[in-house]
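From first to last, the protein sequence lines stand for chains A and B. According to numbering that gives the first Met the number 0, the first sequence is numbered sequentially starting from 0. According to numbering that gives the first Met the number 0, the second sequence is numbered sequentially starting from 0.
Wrong hints could be hidden among the right ones.
[Said to hold, decoys possible] Estimated spans, in silico, between C-beta atoms of each pair:
1. B:192 to A:107: 32 to 42 Å
2. B:141 to A:169: 34 to 44 Å
3. B:70 to A:79: 34 to 44 Å
[As the list claims (entries may be wrong)] A few chain B positions that, by computed beta-carbon distances, are all more than 10 Å from chain A:
4. 11
5. 23
6. 31
7. 73
8. 95
9. 127
10. 154
11. 155
12. 158
13. 164
14. 171
15. 246
16. 300
17. 374
18. 415
Bear in mind the hints are in silico, worked out from the structure with no lab data behind them. A quick note: this is a predicted structure, and the numbers were derived from the prediction, not measured. Even for Gly, the Cβ is constructed at its ideal location relative to N, Cα and C.
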Amino acid sequence: MPRLVIDDLEIEVPKGTKVIDAAERLGIMIPRFCYHEALGAVGACRMCAVKFIEGPLKGVQMSCMIDAQDGMVVSTTDQEAVDFRKRVIEWLMINHPHDCPVCDEGGQCLLQDETVSSGHGRRRYPGRKRTYRNQYLGPFIAHEMNRCIHCYRCSRYYQEFSGYRDLGPLQIGNRVYFGRFKEGRLESPFSGNLVDICPTGVYTDIPARFKVRRWDLQRAPSVCINCPLGCNTIGNSHYRAVMRVEARMNPYVNGYFLCDEGRFGFSYTNGGADHAQRPWNSRISGADVTVEAALAESASKIAEISAIYGPGAVVALGSTRNSLETQSMLSRLCRRKGWQGPVWFNDPAIYRKVRSGVERLDSGIAVSMREIEFADFVIVAGADLLNEAPMAAMAIRQASRKNATIIVVDPRPISLPFEFRHIPAAPAQIERCLGSLVKGSISKDELKGFDSSAKGFCKALPAKFEEKESGISISELSGQLMSAKRPVIVCGTGIVCESTPAFAADCAQLLRESGKKAGLFYILPGASSFSSALLSGPETKTFSEILPQIEEGLIKALIATESDPFWDFPDRERLDRALSMLDLLVVIDYLPTETVKRATVFHPSSTVFEMNSTFVNQEGRVQHAERVHVGGVPIWGAHPPRIIRNFVPGGDHQPAWELLWKISAETSMLESVLTLGELIAAEIPVFEAVGHSKYPITEGRIIPENSEGSFVKPKASPAKGQTAKGFNLLLTDTIFASREPSAYADTLASVFPEATLFMHSGDANGAGLSEGDMVSVELELGAIQLKLSVSQRMARGFLFLPRQRGIHWQKMKEFSAWIAPERIRKI
Amino acid sequence: MAQPLVLFKNRHPNRVATLDEYRQSGGYAALERFIGGKIDPGEVVRLIDESGLRGRGGAGFPAGKKWEAVPKNAPFPRYLVANADEMEPGTFKDRILLHTDPHCVIEGMILAGYAFSATKGFFFIRPSYDSSAAIMERELEIARQSGFLGKSILGSGYSFDIVVHRSGGRYICGEATALLNAIMGKRPNPIKPPPYPTEKGLWDRPTVVNNVETLACVPHILRNGPQWFKDLSLTSKGAGTKLFCVSGKVNSPGAEELPMGTPLREIIEKHFGGMLPGSEFKACLPGGASTRFLTSEHYDVPMDFDDLKAIGNRLGTAAIMIFDQKTCLVATTHNLMKFFARESCGWCTPCREGLPYMRELLWLIENGEGKEEYIDTLRSMCKQVWNSYCALAPGAAEPVASLLEFFEDEVREHIRLKGCPFNAKAGN
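Next comes chain A alone, as it looks inside the complex:
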């Protein structure tokens, strides 16, 4: 480990540490523009010049380009280095417009900070300023090229890190221009990171632009709840409105970055631009009432129904966007009050997949996104990452940049921002493909060393998987997997068969037994799926199983806590009928959902920005989101009120767990449970086991150590293909438009993907359809019209329908459908 001296302070750093990082460890911030930990050192801006006084190098050098070495004596304050840095600032500022007063970056601008700290204050350059024309880059990112200091961070992030090619440097000399060949929306769904990564105000966040100064923002660490990954964010609020969301660095989860859905999908909490889209007030039968009146109404009605029909006539619905606090409270109340539930999922198949996955995850095998970045072989089984969990795609891209082999086994026409081998296997064939891939990588010697269960599992794996259309040789890939050291299996829970998550776990386990540091990474359906599974037992029901009881009149009251069956339950007609049979529908929510509109009693709950809450991501990482602001109807757009009131308009909402506790009339609650931490630990024992009964829980993972994973004997794959002519229609997610709560954000409405039905080009040819046709698909409850997209890179005999806002997929009677050829036609 090299020892060096920086500004008279001695430090020992690991080999390969750059001098700029070594200085940072000592608390010396060497000015920099182009250097960024995630992007590496390129030595473009020349701002981090320091003087090397002793050691292998001498003179002024760039501290980002030089590895720390033994015997170096470095001065950051040497006059020559200081003068040079001052000159660099002068150079950078000769063309800068000095528009800080109207620039949204002002107050958080690296250029501003370093210009001031360099002492540069007087313009000496006698020439004119260079100017540029700006481009339209889409609804999220504003472009102001005149502010550019050419650090190349944006193009390095955009092209090298995130893998998109439509933004980059054009021209040479001092006319270098960062932009697109032609104006237009940025193709990358990770474009918002340009705002964070730009050291000055070239890229600014359009939703927040011109609305607030940085120093007037209320900021707090938060967590994104749009997908299961739980990326860390910073919420920025002003006048009771969230203005913008920034990425918060977490080395294990999202690194420095966020996807655009997580960054821009926040406006649901403000009720949209006009604040009218959020239900702010308590309501009884549609009429606004006070909080207390609504709570009393719910409590008395629930008590009444419990008394008449028994507590089993009350059912509590939760969801996978509940906080851990709310889920624990639901779980506790159901047990203590004798209510049915809590119900977390609508689709029993999804529920079983999530549960079997979470059960098989142990701390040895579960990997974080950071660990995926260092994988050398990644198999994605049944997951469309860019649409289901975008930042996971970014993590795999980093592995791909380090030359990892990436294989995607998925029936959909997957696109990802890196090179990968796509095997478009039908859902029922995914296990077969994965199994033969893994089996081929186990050598005979390794097999001998296995215990009997592993041996049995390995032997039962299918030896051969033929993939004719993609022309990919599984045996060749198996050979590569054999030499891999850190393979990771990423397994989806949406489109795959029920047995696949456990099967993937077995495969990962088998790879571990063969001496690899194999990892497993599940893509679960929602932010709180992991904790939902922890709170579930064998008797836990899904909404599909509850619905018949409502129809039979056995259930009289429904408490829907941040849960909207209309969002993800098919057969809209049946749902309508069933809910109208209820005596009581209590809804606790912050989104303007369909269920909210039908509520007998409605209680507004707090969003993640308005309360302290805890979420467990899909690898069992517990993360705390702090309250960013005290909620209420935002007041920006108008002058703050001059009348002082003793209440906040629209400020009636409370955390869902608190509302639940109040309507349960569970007075003994405070006596038996003192803190939220104890509540959570009481409901999920593993929290206690790992010492998390304190509150708030700010970090840690709650996967039990060494849970004994036993191999399940793989079942024989079903016969290939169905004989009847027709298509298997499956639902799939799309980025921006498929998930609560971000799909309710009006900021995202303009980027919703066009509703598109995906079909294999061979199938389309047979049906006389072609790319771009408008088609009508006759579902059980009526027809839907949408555009057709054809692809060769997908499984034959399947249709994929995006479950997105604006498509009436609820005209299906089940979660999937069989479409006879005559029921799909061109219009």
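With the hints as your guide, set chain B onto chain A.
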């Protein structure tokens, strides 16, 4: 004039030498002996090393050492690039060479490729040399048909082929690492070594970049031996001949092949017709636009790498631009700086912003708006641009630094008179 004609042996006033002419003058004999005779490639490297052949592209790095830098166990395929992106102002020797005897370059490339077991050669040429590129394409095909190029050359089992790659047409593309980026279809920004291109160049494979003139020397050295090559030079440390291209106030500007180390006075007065009538030698740039002004004090300096280094200058590309007493050197320097500022790739700050800054100050001085303090600013910037990413900006600063060193009075005169004493004008 008994000039030792090596590279220009087959020079004709108005046409390109044919393959037959080249062969009659001994061409492809070295190739037949070394590749046809399957002599160890190490022997080729050793001979070139011994001959003292230094790179003719400007930096003067020993050619043999560069080839040796390719590790013995380095992966394949390995690449050779002939750099014909001749964009240094004042330099046109490579163009003349290509229009004189293209096979000399082709044979040199094949032998150089053989020396480190390259399988593919790129002939990287600036797009404005399209006629040269067309000649190369034509002659490469002829060489291919004659069995000197392509699969298993002369039945030796060694295969090597060459493609002509037209550059995007920017000065920076001539910088070896930027050139590699350009071939790979990337933006031509230089890459700071390590790793050196000889270890990780094109597509992360070992790649050697040599100047066209350097490569053209190779067959002659192999045929005649290193000592013969050394003896061509007039100075003891130098080796071989050099193509000098002379422009400016002389009677017959052009390119001539002369022994390395020919004194500047002799070059001007004997080989290029002397100064124009009424012109006196004031200064010259001895090796292209990124070298320092050389004053009449050194009029007798032998034009060789080491001798010029001894007086603080560089041989560069040996493109001598000669200025007389009537030429305004401020206007000249501004003109050069205009070129460099325009041709900066825009990667690092000192070059991208510093050069236009210096150009602006020079323009103001030349056009009568100069201030005394600009001299200090220019001087400090000349030093500071040495901290830039590649050698473009330090090279660009050389004329300015030497202008301030040798002709400060002339600069101050501009400022005092609020105008150019020579009545020159700097264009924008």
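Earlier hints that do not hold, by number: 14
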